[in-house]
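Chemist: As a plain string of letters, each chain reads:
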Amino acid sequence: GQQVMQIPQYQHVQEGEDFTTYCNSSTTLSNIQWYKQRPGGHPVFLVQLVKSGEVKKQKRLTFQFGEAKKNSSLHITATQTTDVGTYFCAGFSSNTGKLIFGQGTTLQVKP
Amino acid sequence: DTGVSQDPRHKITKRGQNVTFRCDPISEHNRLYWYRQTLGQGPEFLTYFQNEAQLEKSRLLSDRFSAERPKGSFSTLEIQRTEQGDSAMYLCASSLTWADTQYFGPGTRLTVL
Chain G
1 GQQVMQIPQY QHVQEGEDFT TYCNSSTTLS NIQWYKQRPG GHPVFLVQLV KSGEVKKQKR
61 LTFQFGEAKK NSSLHITATQ TTDVGTYFCA GFSSNTGKLI FGQGTTLQVK P
Chain H
1 DTGVSQDPRH KITKRGQNVT FRCDPISEHN RLYWYRQTLG QGPEFLTYFQ NEAQLEKSRL
61 LSDRFSAERP KGSFSTLEIQ RTEQGDSAMY LCASSLTWAD TQYFGPGTRL TVL
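Protein chains in written order, with our numbering: chain G, 1 to 111; chain H, 1 to 113.
Since the hints were derived computationally from the structure, they do not count as laboratory data.
Heads up, the beta-carbon is just placed ideally off N, CA and C, and yes, glycines get one too.
Be aware that one or more of the hints could be misleading.
To be verified - Pulled a few chain G residues facing chain H out of the computed Cβ check, cut under 7 Å:
1. Ser-30
2. Gln-48
3. Phe-88
4. Gly-97
5. Phe-101
Make a model of the complete structure from these sequences and hints.
Modeler: The structure is reproduced here in structure tokens:
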């Protein structure tokens, strides 16, 4: 079945350093969605990427969708303590009609 | 607040008891999803509805689990004869149509003693 893998599982950075998490799907996706979950909270939607090679920016966050629509990345420039949390990618396949989540990358930022 | 709401937020029960959770999706969202999330993992798909029709159930959903969305609005998830392995966060999400963004509710944290 469809699988979505995300690396790394954990990342500790010093405040001000950059951070990147990578997401890979076993199948071609219709779209990919990124969510952030704070400790004790629920997944909060960040962005949806639909087109091959699409890039979206939200302030210090840059999201990319691969040309083959099987991989994606989230890059945070100059991390802040407010960036702490777990970032999930979730791939949507039109074949299954379901959103499959990666395992998430937990970001810790040391002030 | 026009977001997805879930009730209760926390539920502690004894093994063998039945529990029921409720989800109210964003108004006019046709699709409603249930997920289960355990510590350190991403949400795992359980089932989803298109209006009142339940379209798919994951094999994770044993016969003890049942979900309904009788009028195509709110949904309930019932777990019968709870087991300790059922302890998890149960998340509900809704989307306008099939490929649209899914918006999550705050979840119901179930603890089975």
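Chemist: What are the numbers of the hints the structure violates, in ascending order?
Modeler: none
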